[in-house]
Amino acid sequence: MPQTWGSAAESKSDMIRLIIDSTPALIHTATPAGEIDFFNQTWLGYLGRPLEDLQGWKWTASIHPSDVEGIVERWCASLASGEPFIYEARVRRADGQYRWMLHHKIALHDEHGQIVKWYGSSIDIEDRKRAEEELRKSEERWRWMADAIPEVIWFTALEPEKVLYVSPSFERIWGLPVEDLYQNPRLWAETILPEDRDRVRNVYERWVAGEDVTYSGIEYRIMQPNGGIRWIHDRGVLRLDDQGKPSLASGISTDITERKRAEETLHEMQTELAHVTRVATTGEIAASIAHEISQPLTAVMTNASASLRWLSGDQPNLTESREGLVRIVRDVGRASDVIGRIRELLKKSPPQMGRLSINELIQDVLAVTRTELVKRSVVLRTDLAEDLPVLLGDRVQLQQVILNLLLNGVEALCEVPNEAQDILVASKLHESHEVLVLVRDSGVGIPPDRLEKIFMPFFTTKTQGLGMGLSISRSIIEAHGGRLWATANPDRGITAQFTLPMA
Amino acid sequence: MNQADPTIFVIDDDVSIRQGLESLIKSVGWKVRTFKNAQDFLHSGEIDAPGCLILDVRLPGLSGLDLQRSLAERKNHLPIIFLTGHGDIPMSVRAMKAGAVEFLTKPFREQDLLDAVRLAIDRDHAVQQRQSAMAELSERYDTLTPREREVMGLVVSGLLNKQAAASLGVSEVTIKVHRGQIMQKMHAQSLADLVKMADRLQHLDSRL
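Here the protein sequences come in this chain order: L and C.
Position one of the first sequence corresponds to residue 1 (this note's numbering), numbered consecutively onward.
Position one of the second sequence corresponds to residue 1 (this note's numbering), numbered consecutively onward.
No wet-lab data here; the hints were simulated from the structure.
Idealized CB from N, CA, C, for every residue including glycine.
Be aware that one or more of the hints could be misleading.
[What the hints assert, rightly or not] With the Cβ distance kept under 7 Å, some of the chain C side facing chain L (calculated, not the full set): (1) Asp-14; (2) Ser-16; (3) Lys-106; (4) Pro-107.
[Stated by the list, open to error] Across the chosen pairs, the derived CB separations fall in these ranges: (5) C/Ile-89 x L/Gly-340: 50 to 58 Å; (6) L/Ile-229 x C/Lys-97: 48 to 56 Å; (7) L/Pro-501 x C/Gln-111: 39 to 47 Å.
[Unchecked claim] Facing chain C, from chain L, some residues (calculated, C-beta under 8 Å): (8) Leu-44; (9) Gly-48; (10) His-112; (11) His-291; (12) Pro-296; (13) Leu-297; (14) Thr-298; (15) Ser-305; (16) Ala-306; (17) Arg-327; (18) Arg-330; (19) Asp-331; (20) Ala-335.
Kindly generate the complete structure, drawing on both the sequences and the hints.
Pasting the structure below:
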């Protein structure tokens, strides 16, 4: 080995020179005045120029025009202070391509602390720079999207809980500075209306704790600092760590206030429609019945009067009066035909039997009556038993029955002003083979001796009513093999209830 | 005098009601004719007969109110009693405004109907009488010569014979002769009588 050394390097200084020139690093030195006085061979090869073209300050001609000013300024600053020089600047390669380089120089001092030399090295960082640029552009695109879309995009680290990012739409929807949320992650839950808070927080906390719940399609209301209420639709995804534990939650919150308002309007319209339909149908039936019955009745009355007149007087006209009586018999038959037809009509239309959940049915009816109940300040309570068996029945007919019982209850309530107005709708298993549905009101009530009469056609206790609702309801329930009856509550109001056999 | 006997026309699509009404009205001693719809009545050629009309509001084809309007357009003043299946207030208001005598809801009391018929016949009779008096008056007026009508106009407006003569450029005697003819042709007992007739005729003119 010494022989090899001996042949390759005649002196120690030559050996060092050899190392410096053959290393892949870009090495250079400068005088205390800042003039570059040495570039190693790697550097000269990279630049494709002899030292004469580069020494002193001529090297600046190889720096990218946009970076020249910056590098010279920084270099002068280091020369003045003696602090290490670090700067990124593009340098033209021999083939004319500029590449990013990180330039680094440190000063060598003599025993008096005077700078005697600057030693420098440069590293090609083009690839890193490009990657950085790509990342920056990508980041910019994502940021632009996040900033621009009306939804709020959020990222939260879990354990410890820390909001990593919230898009600026948060300020528009919540009316709060984003910074507030960064400082206090709990602010989000605090903005949720108390009525919705527990429900949402419960789902959220179970979700981020890794329980088997999804945080998707959660709807809640928030209150802005100015008191404004907004409806929010929220959904998120979890990122799990190596142990499968959630480490990051991210999601999108959407302002659905307008949609909710539209839904409410639609809802009101539906309720109104349901009510109008009910009124119109009963009104129509009433008008039709009135006409159909009054025709033969008129004829009977007219013929009877005429016959009486023909019989009275000195010379009764038996022929005329008998003809009148024949017509009376005919018209009485006609009237009873009409009644028979109405009865047929009411029980006719065979039920469209299908499998159904009684609770779903109740919820459907409550959905269309909710607005009406709110409008009349009626407190609705429900007590729907879970796991009720599936029933066989006609959905529309049974909905009509429930709607009818409910509206009857509401109307009964409205006749007792200034009292606590509440209605209970409950479902439960009854005698193991039946489902029972009851509607209990705290309204005016009905004397016990008249309770059975309310199911008779045309019996009504209401100032505005035809008295057909409960009668029709009972025939529907009986067609389903069930029973419908009413009992007086011990305190106030009545409880109307029906049973339906299990499928 | 058979011609003057009132006829009660009944229009109802319900045969039982038609027969019942026919029998009831006959039992009172009135003449009655029944129709099952408005068109049959309009084409019967009897619409100008004295009497009254008992009309169901709801009729197939031309409704009761349509018929009422149609009769009014023909200057037929036959009094109408409406029958309706159920109290339709806006409809009855329209019918009454258009001159109906009564609006009865089925089933009605026979006495209410008979009272209404009696009222309608009386009203029709009065109208008929007034109309025939007017017809007679205008018939008489039609017999006057143009010159006589001219003189009548001046006389009833209060001009003396002398003034009328001057106004027409004839002698006073000529006026006297015309005046005598007018009084005779018009069956007027006095000047006051003539003035009254002229007044009524003027009403008729303005109405026509």
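Verification of the supplied hints:
A cut of 7 Å between beta carbons decides the hint on C/Asp-14: the least distance to chain L is about 5 Å, and the hint holds. For the restraint placing C/Ser-16 at the interface with chain L, the shortest Cβ-Cβ distance is roughly 3 Å, inside the 7 Å limit, so the hint holds. The interface hint given for C/Lys-106 is met, as the beta carbon of that residue sits about 4 Å from the closest beta carbon of chain L, less than 7 Å. At about 4 Å, the closest approach between the beta carbon of C/Pro-107 and any beta carbon in chain L falls short of 7 Å, and the interface hint on this residue holds.
C/Ile-89 and L/Gly-340 have their C-beta atoms about 31 Å apart, which leaves the hinted 50 to 58 Å range violated. Between L/Ile-229 and C/Lys-97 the C-beta distance comes to about 54 Å, which sits within the given range of 48 to 56 Å. Roughly 57 Å separates the CB atoms of L/Pro-501 and C/Gln-111, a value that falls outside the hinted 39 to 47 Å. A distance limit of 8 Å between C-beta atoms decides the matter here; for L/Leu-44 the minimum to chain C is near 110 Å, and the interface restraint is violated.
At about 106 Å, the closest approach between the beta carbon of L/Gly-48 and any beta carbon in chain C exceeds 8 Å, and the interface hint on this residue is violated. A hinted interface residue such as L/His-112 counts as satisfied when its beta carbon comes closer than 8 Å to some beta carbon of chain C; here the least separation is about 119 Å, so the hint is violated. Nearest Cβ of chain C to the Cβ of L/His-291: about 4 Å, under the 8 Å cut. The hint holds. Because the closest C-beta pair between L/Pro-296 and chain C is about 7 Å apart, less than 8 Å, the hint holds.
A cut of 8 Å between beta carbons decides the hint on L/Leu-297: the least distance to chain C is about 5 Å, and the hint holds. For L/Thr-298, the suggested interface contact is upheld, since its CB lies about 4 Å from the closest CB of chain C, less than 8 Å. Against a cut-off of 8 Å between C-beta atoms, the interface hint on L/Ser-305 holds, since the closest Cβ of chain C lies about 4 Å away. Taking 8 Å as the C-beta cut-off, the interface hint given for L/Ala-306 holds, the closest approach to chain C being about 4 Å.
Satisfaction of the interface hint for L/Arg-327 is found here, the shortest Cβ-Cβ separation to chain C being roughly 6 Å, below the 8 Å cut-off. Interface restraint check: L/Arg-330 against chain C, minimum CB-CB distance 7 Å, threshold 8 Å, status holds. Checking L/Asp-331 against chain C by beta carbon gives a least distance of about 5 Å; that is within 8 Å, so the hint holds. Hint on L/Ala-335 is violated. Least Cβ distance to chain C is approximately 10 Å, over the 8 Å limit.
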